[in-house]
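> Here is how the chains run, residue by residue.
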Amino acid sequence: NAGVMQNPRHLVRRRGQEARLRCSPMKGHSHVYWYRQLPEEGLKFMVYLQKENIIDESGMPKERFSAEFPKEGPSILRIQQVVRGDSAAYFCASSPDDRVDGYTFGSGTRLTVV
Amino acid sequence: QKEVEQDPGPLSVPEGAIVSLNCTYSNSAFQYFMWYRQYSRKGPELLMYTYSSGNKEDGRFTAQVDKSSKYISLFIRDSQPSDSATYLCAMGEDTGRRALTFGSGTRLQVQP
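Top to bottom, those sequences are chains C and Y. First residue of the first sequence? That's 1 in my numbering, and the numbers climb one at a time after it. First residue of the second sequence? That's 1 in my numbering, and the numbers climb one at a time after it.
FYI, nobody ran anything at the bench for these hints, they're computed from the structure. A portion of the hints provided could be inaccurate.
[Stated by the list, open to error] Facing chain Y, from chain C, some residues (calculated, C-beta under 10 Å):
| id | residue |
| --- | --- |
| 1 | Gly3 |
| 2 | Val4 |
| 3 | Tyr33 |
| 4 | Tyr35 |
| 5 | Glu41 |
| 6 | Gly59 |
| 7 | Cys92 |
| 8 | Ala93 |
| 9 | Ser95 |
| 10 | Tyr103 |
| 11 | Ser107 |
| 12 | Gly108 |
| 13 | Arg110 |
[Stated by the list, open to error] Straight line, CA to CA, 30 Å or less: simulated DSS-like cross-link-like pairs of lysine-lysine:
| id | chain 1 | residue 1 | chain 2 | residue 2 |
| --- | --- | --- | --- | --- |
| 14 | Y | Lys42 | C | Lys62 |
| 15 | C | Lys27 | C | Lys44 |
| 16 | Y | Lys42 | C | Lys27 |
[To be verified] So these bits of chain C aren't anywhere near chain Y, every CB distance computed over 10 Å:
| id | residue |
| --- | --- |
| 17 | Arg13 |
| 18 | Glu18 |
| 19 | Ser24 |
| 20 | Met26 |
| 21 | Ser30 |
| 22 | Lys62 |
| 23 | Ser66 |
| 24 | Gln81 |
| 25 | Ser87 |
| 26 | Pro96 |
Using N, Cα and C, we set each Cβ at its ideal position, and we do this for glycine too.
This is chain C alone, in the form it adopts within the complex:
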């Protein structure tokens, strides 16, 4: 029973490029959450999605960031025109329902913008 799979594990992008981060939830999980972790800081909520729906995007920056969770395939977090301040670890979590104690986190994607 595979856990939450995130890829790539490490991603290097030059300023101005696009970054696409993928998250495959655990089998049977239809709720996906994205969090960002800056160095020496805790995780910050970005977005909560269910299949084909964005439920809460209150933590997403207004520009350049978008997320989707299509009917088929992984959830994607997309960052356009990356800047150095986007360098962080991005974690995805999934849960089988909307209980807050049901999260399982992936190992994260570490984005470095050079």
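Mind docking chain Y on chain C? Use the hints.
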């Protein structure tokens, strides 16, 4: 002021010691309280979960919530070198919102 405050440490203790980790918070809407353990370069894993006030024990771990003081604690008894990790407190509202608010984490080192 951050919604959740957590001492970053690092906290270094000898093997077998009792460890006390704490968080304070300011949001009265928080009703769900969790402790996560995060090893280096890994995702957080849930250790303890408490709803509202009270204590909860699981093996060597005890979680306490004092809502009147807006203060939560995690105690680790008989600490082991394998407990060396960063411990994150996390809180959620009972308002239908499913986002968690995390503390910045306390780095713990248990010396053999």
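> Does arginine 13 of chain C really sit off the interface, with its C-beta more than 10 Å from all C-beta atoms of chain Y?
holds (19 Å)
> Check the non-interface label on serine 66 of chain C: least C-beta distance to chain Y beyond 10 Å or not.
At about 18 Å from chain Y, serine 66 of chain C clears the 10 Å cut-off, so the statement holds.
> Would the hint on glycine 59 of chain C stand, with a C-beta cut-off of 10 Å toward chain Y?
holds (7 Å)
> Does serine 30 of chain C sit more than 10 Å from chain Y, CB to CB?
Holds, since 13 Å exceeds 10 Å.
> Decide, holds or violated, for the assertion that all CB atoms of chain Y are farther than 10 Å from the CB of lysine 62 of chain C.
For lysine 62 of chain C, whose nearest Cβ neighbour in chain Y is about 17 Å away, the distance exceeds 10 Å, so it holds.
> Are the Cα positions of lysine 27 of chain C and lysine 44 of chain C separated by 30 Å at most?
Since the Cα atoms of lysine 27 of chain C and lysine 44 of chain C sit roughly 25 Å apart, the hinted pair holds (cutoff 30 Å).
> Verify the proposed pairing of lysine 42 of chain Y with lysine 62 of chain C, using a straight-line Cα cut of 30 Å.
Roughly 28 Å between the alpha carbons, so the hint for lysine 42 of chain Y and lysine 62 of chain C holds.
> Can we keep the tyrosine 103 of chain C interface hint, with Cβ of chain Y closer than 10 Å?
At 7 Å from the nearest chain Y Cβ, tyrosine 103 of chain C passes the 10 Å test, so the hint holds.
> If I take the minimum Cβ distance from proline 96 of chain C to any residue of chain Y, is it greater than 10 Å?
Fine: 13 Å to the nearest Cβ keeps proline 96 of chain C off the interface.
> Would you settle whether the hint for tyrosine 35 of chain C is holds or violated, based on the nearest Cβ-Cβ distance to chain Y being less than 10 Å?
Holds. Min distance 8 Å.
> Double-check valine 4 of chain C for me: the hint is only fine if its C-beta lies closer than 10 Å to a C-beta in chain Y.
holds (7 Å)
> Holds or violated: is there a CB of chain Y closer than 10 Å to the CB of tyrosine 33 of chain C?
holds (7 Å)
Checked against the numbered hints listed earlier, the structure breaks none of them; every hint is satisfied.
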